[in-house]
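Asks: Okay, here's what each chain looks like letter by letter:
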Amino acid sequence: MTNKMITLTIDGIQVTVPEGTNIVDAAKKAGIDIPVFCYHPKMKPVGMCRMCLVEVGRPVVDRNTGEFVRNEDGSLKIQFNPKLETGCTTLVSEGMVVINTSDKVKRGRKDILEFLLTSHPLDCPICDKGGECPLQNLTMAHGPGTSRFLFDEKKHLLKHYPLGELIYLDQERCIQCGRCIRFQEELVDDPVIGFSQRGRSLQIVTFSEPGFDSIFSGNTTDICPVGALTTADFRFGARPWELNAAASICQQCAVGCNLTLNVRREAAAGGKVVIKRVMPRQNEWVNEIWICDKGRFGYHYTEAPERLTQPLIRKEGELVPVSWEEALGFVAERFRQAGKGLLTLASGRLSNEDLFNLRKLSEGLGGKIALYTQMSGGEQVMQVGLAKESNLAELGQGDAILVIASDLHQEAPIWWLRVKQAAERGATLIVAHPRPTRLEKFAKHVLRYRYGDEAGLLLAMLNSLSAKRPALPERVSTLWRDDQVQAAAKAFAEAQNAVIFFGNEGVGLQASQALAQACLNLLLATNHAGRPNNGLIPVWQRPNDQGAWELGWRPLPNLDEAISQANAIYVVACDPAGDNPTLPLTPDFLVVQDLFLTATAKLAHVVLPALPFTEREGSLVNGERRVQRYYPAVPPRPSARADFTITGQLGKLLGIDLEDRLASKVMLRIAAEVPAFSGITYTALAYAPEQWPIIGREDLYYGGTTYENKQGIGVQLPNALQQGEQVTLTWPSLAQATEINGGLLAVPVTKLYDSGSTLVHSKLLDQRRVAAVLWIHPDEAAAHAVQEGDLVHLQFGEASAMATAILDKTVPQGVILLPRSAGIPLLEPCAAQLKVVERSYER
Amino acid sequence: MLADLMRGLATTFKAIFEKPVTIQYPEIKRPVRTRYKGRHILKRYENGLEKCIGCSLCAAACPADAIFVEAAENTDDERYSPGERYARVYEINLLRCIFCGYCEDACPTEAIVLGDNYELSFTDRRSSIYTKEMLLEPVPEGGKPTPQKTPPGMYTRAIPEMKDPV
Numbered sequence: 003m004t005n006k007m008i009t010l011t012i013d014g015i016q017v018t019v020p021e022g023t024n025i026v027d028a029a030k031k032a033g034i035d036i037p038v039f040c041y042h043p044k045m046k047p048v049g050m051c052r053m054c055l056v057e058v059g060r061p062v063v064d065r066n067t068g069e070f071v072r073n074e075d076g077s078l079k080i081q082f083n084p085k086l087e088t089g090c091t092t093l094v095s096e097g098m099v100v101i102n103t104s105d106k107v108k109r110g111r112k113d114i115l116e117f118l119l120t121s122h123p124l125d126c127p128i129c130d131k132g133g134e135c136p137l138q139n140l141t142m143a144h145g146p147g148t149s150r151f152l153f154d155e156k157k158h159l160l161k162h163y164p165l166g167e168l169i170y171l172d173q174e175r176c177i178q179c180g181r182c183i184r185f186q187e188e189l190v191d192d193p194v195i196g197f198s199q200r201g202r203s204l205q206i207v208t209f210s211e212p213g214f215d216s217i218f219s220g221n222t223t224d225i226c227p228v229g230a231l232t233t234a235d236f237r238f239g240a241r242p243w244e245l246n247a248a249a250s251i252c253q254q255c256a257v258g259c260n261l262t263l264n265v266r267r268e269a270a271a272g273g274k275v276v277i278k279r280v281m282p283r284q285n286e287w288v289n290e291i292w293i294c295d296k297g298r299f300g301y302h303y304t305e306a307p308e309r310l311t312q313p314l315i316r317k318e319g320e321l322v323p324v325s326w327e328e329a330l331g332f333v334a335e336r337f338r339q340a341g342k343g344l345l346t347l348a349s350g351r352l353s354n355e356d357l358f359n360l361r362k363l364s365e366g367l368g369g370k371i372a373l374y375t376q377m378s379g380g381e382q383v384m385q386v387g388l389a390k391e392s393n394l395a396e397l398g399q400g401d402a403i404l405v406i407a408s409d410l411h412q413e414a415p416i417w418w419l420r421v422k423q424a425a426e427r428g429a430t431l432i433v434a435h436p437r438p439t440r441l442e443k444f445a446k447h448v449l450r451y452r453y454g455d456e457a458g459l460l461l462a463m464l465n466s467l468s469a470k471r472p473a474l475p476e477r478v479s480t481l482w483r484d485d486q487v488q489a490a491a492k493a494f495a496e497a498q499n500a501v502i503f504f505g506n507e508g509v510g511l512q513a514s515q516a517l518a519q520a521c522l523n524l525l526l527a528t529n530h531a532g533r534p535n536n537g538l539i540p541v542w543q544r545p546n547d548q549g550a551w552e553l554g555w556r557p558l559p560n561l562d563e564a565i566s567q568a569n570a571i572y573v574v575a576c577d578p579a580g581d582n583p584t585l586p587l588t589p590d591f592l593v594v595q596d597l598f599l600t601a602t603a604k605l606a607h608v609v610l611p612a613l614p615f616t617e618r619e620g621s622l623v624n625g626e627r628r629v630q631r632y633y634p635a636v637p638p639r640p641s642a643r644a645d646f647t648i649t650g651q652l653g654k655l656l657g658i659d660l661e662d663r664l665a666s667k668v669m670l671r672i673a674a675e676v677p678a679f680s681g682i683t684y685t686a687l688a689y690a691p692e693q694w695p696i697i698g699r700e701d702l703y704y705g706g707t708t709y710e711n712k713q714g715i716g717v718q719l720p721n722a723l724q725q726g727e728q729v730t731l732t733w734p735s736l737a738q739a740t741e742i743n744g745g746l747l748a749v750p751v752t753k754l755y756d757s758g759s760t761l762v763h764s765k766l767l768d769q770r771r772v773a774a775v776l777w778i779h780p781d782e783a784a785a786h787a788v789q790e791g792d793l794v795h796l797q798f799g800e801a802s803a804m805a806t807a808i809l810d811k812t813v814p815q816g817v818i819l820l821p822r823s824a825g826i827p828l829l830e831p832c833a834a835q836l837k838v839v840e841r842s843y844e845r
Numbered sequence: 002m003l004a005d006l007m008r009g010l011a012t013t014f015k016a017i018f019e020k021p022v023t024i025q026y027p028e029i030k031r032p033v034r035t036r037y038k039g040r041h042i043l044k045r046y047e048n049g050l051e052k053c054i055g056c057s058l059c060a061a062a063c064p065a066d067a068i069f070v071e072a073a074e075n076t077d078d079e080r081y082s083p084g085e086r087y088a089r090v091y092e093i094n095l096l097r098c099i100f101c102g103y104c105e106d107a108c109p110t111e112a113i114v115l116g117d118n119y120e121l122s123f124t125d126r127r128s129s130i131y132t133k134e135m136l137l138e139p140v141p142e143g144g145k146p147t148p149q150k151t152p153p154g155m156y157t158r159a160i161p162e163m164k165d166p167v
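If you read the sequences in order, they're chains X and P. End of the first sequence sits at 845 in the numbering used here; the numbers just go up one at a time, nothing left out. End of the second sequence sits at 167 in the numbering used here; the numbers just go up one at a time, nothing left out.
Treat the hints as calculated values from the structure; they're not laboratory data.
Incomplete in silico selection of chain X near chain P, CB under 7 Å:
| no. | residue |
| --- | --- |
| 1 | Asp125 |
| 2 | Ile128 |
| 3 | Ala269 |
Derived pair list, reagent style DSS-like, types lysine-lysine, alpha-carbon separation capped at 30 Å:
| no. | chain 1 | residue 1 | chain 2 | residue 2 |
| --- | --- | --- | --- | --- |
| 4 | X | Lys161 | P | Lys145 |
| 5 | X | Lys667 | X | Lys370 |
| 6 | X | Lys161 | P | Lys150 |
| 7 | X | Lys44 | X | Lys106 |
| 8 | X | Lys157 | P | Lys150 |
| 9 | P | Lys133 | X | Lys278 |
| 10 | X | Lys342 | X | Lys667 |
| 11 | P | Lys150 | X | Lys156 |
| 12 | P | Lys44 | X | Lys161 |
Note that beta-carbon positions come from the ideal geometry of N, C-alpha and C, so glycine has one too.
With these hints in hand, go ahead and build the complete structure from the sequences.
Replies: Structure, rendered in structure tokens:
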């Protein structure tokens, strides 16, 4: 991209913008509004709606001399095009003069609007977009008061046409701008909707099964300039002006998308304040202006009636409600007795404040802490994680991105989108995965390896780059000679900036440590660490796993042993018994602190009800090591308390100094104690600079109804290298391949819509939720006498499960894939034996 | 002095034979003016369907924030109003209401009108909140109560064509 700047005049104001900018954007940068419908700053202009018509004049050039012709007074001679030009498809040129306010332009807009409204039903009173509708606003600003068109001649079409079960289309309201279609095609590569028919009969149709099969579909309702596309979740939920807004952070994955929660008091909910809809909040460093459908529709668990409302204590075998004083007093007394025998088990679903208080409580008693996770590598991320001042949107030509062992489309959709866009800007994308994933279409290098060889593959890439080649295990010892590996390694090494995403598909807790170390080695050896736009990004399963690592939480290599040795166990925001029914979870004293009565909570002696993120304050660290804060959106349910408060109050009873009231004060303590967090306060996290494109209330015709960010973009943590520490390259010990013993390797894979406790309450997603299935290669299925649709009994170690077989050619041989959080208790890859139990002959 | 007294009594005696201006409320009620703004009434169409479509514009227009509306979706099996949307909850807090009539002005379907009823007294604040059932006018003769079961495709327009829209 050239950095040539161009100066032009719009309505008498001189504007200087980079070459290649169009007139609408240039005007916007100067604070001048040129109304648009079909143009969107995140997409290519098409010039369909004709709303942005302006008068454009260009300086006259003398053909003989090539110089600008000047008037007598020395000013440039400008020649205006006799017709109006579209501002979105016309690029700026030197000396250009744009007139946006002349009568000719006003007349053009008025006529275009009159024309658009000939087929518009004008049912604003019942339209969900009414109040935040670009068509409404622009008609008020530029449109005619009356129409010459006869009302009776309006086209009557379907008003309630479900494109899918998530998105409804009102065919009458559509002004055929094609923003949704272009979003699906250009941005997210899900071309599942399109135009059908022609002229006034032009309609949006879906051609996927299920309808509108895209995980980004909700965004089309944000960018729709009319009320044609609405979400099923919010349909007739409230008028936009009645909603209050609270800034929040999505808790469904490690991306940490910025959200705005729209809330309203509702009679149907008994007069409580409830969340009516989830909208994206602009953060150009994290999620730009998009969110995935999981984030948009997955919040319902926070208001589920099943949520715990009272502390429970087991009395005579039954869990009975008690007061907080009794529960906390009892727990404190037993924790004091347990002392060093206390094991605190928490997950990255908690905020930094919760995790800090929990660690401090445990330290005060001399107990042990353990992070409940199936993926390791946080230490390596602290050393060479994505550096401070990074932005994935800046990756492009000359840069490289390596994605290994992660299906980003299903695990972290917004990262998938941003990586895809970086590849389209020219970044070299290397996708290493044992099976094809959605990202490969955009990759320059695709590396296929066997499950278990992840770290080996990266080390082989490293070997192919250096003369010294430390020996690798036999399985991967010759991999470095492979042409594709060499080419990918070379591209990675030569890149200006490089980022590695690593996940844990097919990687257990131990192996992920080696994988992270191999990533670190590759980054360090190719000098891609410690600089902005370089580093390692872990695709964690939970929103704050990285925060847990930063605050000193580590997974235990042998959790079973630690559990059996502990006298008292404090389980917070995780469900080990539910994930693994064979876990020997029978300590003398078990306390569970969670939102729901989980399988673990059913075993507990004391159950403490916590608050979900919507009812409290807190901060998270995302995979890019950006600390972001979320704000309370709805009042807390009585009798449940925030996790850090519960822990803080326990600390008070035990004589340990903990902050139990204000999350911001806990953050002050974290900043004082943890070097990476130094200087981070809630005020610093609330810093919200100007962002481009301009999004928001006055400009919603331009960027859509995404909320502007006034509540903070967060702060990225500096990694160890940036803090001036030494990071050394160490050779990881590679794990042995899993013993199969005649069975198959069962690999848990993450699917976007699972049945985890933070998603199962969103009934709207039921149709898309992954069932308890197993994916198997047809050849492998034949070898094991499994047919499509068979109900198969799976035995892995002591655990067993039932799953329906799906034959899939993309599954590697020797492997079955099983979805996570879908009722199959499989946490790490392990050997599985198959037995067909029931055959369906219905086909 | 006596003359003054006689003059006063004369006025009194004259008044005895005049028609009294006092009205024996509540036994006798004086009719209100045609433009009087009393308690709100939610109107129905002749077939009994509610005119209100739950658009909340009255609540938006209300300067006293006295109106609360919650909308829901009509189906042909359970139809309250024409079109897709109806008011599931419609409440007016008559202690807050200042009877300005802005809600009438804002209503796109002429569903809410300020009626003749001025007899509003409450013993507690809660009873000052009038619900949709209390505000809705009775079903007109020949009409059916809501929800109605209606043939599909018949009531697709939420906002009727006004004869003389202002």
